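Undergrad: Sequence:
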Amino acid sequence: MSYGYTTRLDSLNKQADRTSLGVKLGRVCIKHDIPVSDVASQLGVSRQTVYNWFMGTHEPHSDLTSAIKKYIDKFKQ
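Each residue of the sequence shown is one higher than the one before, starting from 1 at the first, in the numbering used here.
Hints may contain errors.
[To be verified] Restricting the straight-line Cα-Cα distance to at most 20 Å, the calculated cross-link-like pairs of lysine-lysine (PhoX-like) are:
no., residue 1, residue 2
1, Lys76, Lys24
2, Lys76, Lys31
3, Lys31, Lys70
4, Lys70, Lys24
5, Lys14, Lys76
6, Lys31, Lys69
7, Lys24, Lys14
8, Lys31, Lys74
9, Lys14, Lys31
10, Lys69, Lys24
11, Lys74, Lys24
[What the hints assert, rightly or not] Simulated restraints, written as ranges between beta carbons of each label pair:
no., residue 1, residue 2, range
12, Phe75, Gly44, 12 to 22 Å
13, Phe75, Thr19, 17 to 27 Å
14, Thr7, Asp63, 13 to 23 Å
15, His58, Ser37, 13 to 23 Å
Derived from the structure by calculation, the hints contain no laboratory data.
In this text, all values refer to a predicted model and were calculated from it rather than measured experimentally.
Glycine included, C-beta positions come from ideal geometry on N, C-alpha and C.
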């Protein structure tokens, strides 16, 4: 688990639907220790919204799909 994320969030992210774009974003951010505040700022949403995506509680709005995919692609190796 990354330093900046709680074990609870890490666990909820791992249990969530891996096909969800928000969950995928969460896995990338947890792996690379990217602060939620950076993601929220970059995508123009609140930190709580990002946490909800990471846990699979809510799906990102379709208007953000392209931006999220680009964000994820920056960290693929």
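Undergrad: Now, for every hint given, state plainly whether the structure supports it.
TA: Now the hints, each set against the structure:
no. : hint                      : in the structure
1   : Lys76 / Lys24             : holds, 11 Å
2   : Lys76 / Lys31             : holds, 11 Å
3   : Lys31 / Lys70             : holds, 17 Å
4   : Lys70 / Lys24             : holds, 12 Å
5   : Lys14 / Lys76             : holds, 18 Å
6   : Lys31 / Lys69             : holds, 16 Å
7   : Lys24 / Lys14             : holds, 10 Å
8   : Lys31 / Lys74             : holds, 13 Å
9   : Lys14 / Lys31             : holds, 12 Å
10  : Lys69 / Lys24             : holds, 9 Å
11  : Lys74 / Lys24             : holds, 13 Å
12  : Phe75 / Gly44: 12 to 22 Å : holds, 19 Å
13  : Phe75 / Thr19: 17 to 27 Å : holds, 18 Å
14  : Thr7 / Asp63: 13 to 23 Å  : violated, 32 Å
15  : His58 / Ser37: 13 to 23 Å : holds, 18 Å
When held up to the earlier numbered hints, the structure conflicts with hint 14 and nothing else.
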